[in-house]
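Novice: Letter by letter, the chains look like this.
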Amino acid sequence: MNAFLATVRRDLLLALRRKSEVLTAVFFFVIVTSLFPLGIGPEPVLLKKIAPGILWVAALLATLLGLPRLFSADHVDGTLEQMALSPSPLGLLVAGKILAHWLLCGLPLVLLAPVLGLQFDLDASTLGILTLALLLGTPLLSLIGAIGAALTLGVRGGGVLLALLVLPLYIPALIFGAGAVEAHSAGLGAGGHLSLLAAMLALAGFFAPWATTAALRVALE
Amino acid sequence: MTARKLLRAGFGHNWTMLNVSGLACSRGERRLFTDVGFSLDPGEWLHVQGENGAGKTSLMRLLVGLSPADAGEIRWRDEPTPSAEFRRDLIYLGHHAAVKEDLTPLENLLLAAALDGVGLDEGTALAALVRLGLRGREDLPVRVLSAGQKRRVLLARLLTRPALIWVLDEAFNALDVAAVRQLGDLIAEHLAAGGMAVLTSHQPLPVPGGKTLVL
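Protein sequences appear in the order of chains W and C.
Numbering-wise (the numbering used here), the first sequence opens with residue 1 and increments by one.
Numbering-wise (the numbering used here), the second sequence opens with residue 1001 and increments by one.
Please keep in mind that the hints were generated in silico from the structure rather than gathered at the bench.
Don't take each hint at face value.
The calculated lysine to any residue pairs, modelled on SDA-like cross-linking and capped at a C-alpha distance of 25 Å, are [stated by the list, open to error]:
(1) C:Lys1150 to W:Arg69
(2) C:Lys1211 to C:Pro1042
(3) C:Lys1150 to W:Gly154
Computed from a prediction, not measured in an experiment: that's the story for all the values here.
Generate coordinates for the entire structure from the input sequences, incorporating the hints supplied.
Specialist: This is how it looks when you write it as C-alpha cells:
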C-alpha cells in the first residue's frame, strides 16, 4: 500500500515540476467547451440541449491528451523497467500511476464542469448531476485509457493508434454520462444512468490495472 | 540490511543460489545463443563477455525476467524465476539512466526506495550520494548533471537498496577513472559480504577473481 501511495506522490511531484503538460489538458477542456456557445450564438434552448454532450466529449478528448505520457516517459528513461523488477507488485504501482493521472487530468475537469456549464444556461440541479456524472465517469476514462496507453507503448505513431483504440471504448461512458444529465432535464431522474456508470467504474477499477500490467510486461520484452 | 542478512534466510541448503541451464535466445530469425549455463554461489561473480550484438544485454534481460527465454531454466534459491523472492534479492541496472531528470538525486533515491517498499532515511541516502562523489549535487535537478554523474546517481541505489545479486549491464560506461575504481570497490565489498554479481563489460574489470562467460 505504501508503494501505491509513493507512486501517486512521485507522479504528482513530477507533474508539479512540469506544469505545462497538465495545464494543456485543462486549457483544452476550457477552450473547447467555450467555443461552442460562441459559435452557436445565444440560443438558450439549443445550448441547454447540447451542453451534456459537448462537456462529455470535451472531457473525453482532454483525458485522451494526457494518456500517451502516462507510461512513455517512464518507458524511455528506464524507470518502468525498474518498476517491473521491483519487489512491490507492478499492478499496485500501475494503479498508483492511474490514480495520479486521474488526479491531474480528470479531477480538474470535474471541478471546472459546473463553472463551464453556466455558459450553457444549465440550472443548479442539472449542474450537480453533470458534475456527479463526471466524477464517476472521468476515473473510468483514465482506467480504460491506461490499457490503451500500455498496449501502444513504444509503437511509432502510437498517439493516433491510442485514440483509435480507446475512443470506441469510451462510448458507453459517454452514453450514460451525457444520458444522466439529459434524463434529469427530462424529469426522469438520473439514478439509473449514474448507477450504471458506477458499476462500470467498479468493474474497470478491478480489471483495468491488471490488464494494463499484462500489456506493460509485453511492451517491456 | 546487508547481503549477509538477506543470505541468512537460505542458510543450510545444498543447492547453488543461482543456477542457469540450457538458456537459449533468438531475436527474430537470428539465434543469439543456445545452451548457456552457469551457476553462482555467495561471493562469486560472473563476467559476461562477447562482441557487440552477441546477446549480452539479451542475456541480462532474460536473467532478470524482463523477457522470456526460448528454452532453458533459471533457478534462484532452488525456485524457478521470476519469483517474488528473486525480485526482492535483485538489483538490475541496465543501459538506461533510470532516474527522473526533473527530480533531484536525493528525491530519486528516496522515491525509488519507496516504490520498492524499502525503508530509506534521508541520512543514508545522502551518505550514499556523498560516497559516489555527488556531494553538493543532491539538491540539483538531475537534468543539469553530466552523463557520468547521472550514472553515479543510479549506482547510488546499490548502496541504498539491500540486495543479494547485482546484475549490472555495462555499468562502467561513462564513468571516470575514480568512479570505475569506486564501483570496483563497491562490488568487491558486496562480494565479501556474501553477495553475488553478474556484470557485462568490454573492459577488464577492477574486481578480482570471478567466472567468465563468453557468448
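Novice: Determine for every hint whether it applies to the structure shown.
Specialist: Evaluated hints:
1. C:Lys1150 to W:Arg69: holds, 22 Å
2. C:Lys1211 to C:Pro1042: holds, 13 Å
3. C:Lys1150 to W:Gly154: Roughly 24 Å separates the two Cα atoms, so the pair holds.
When each numbered hint is compared with the structure, no violation occurs for any of them.
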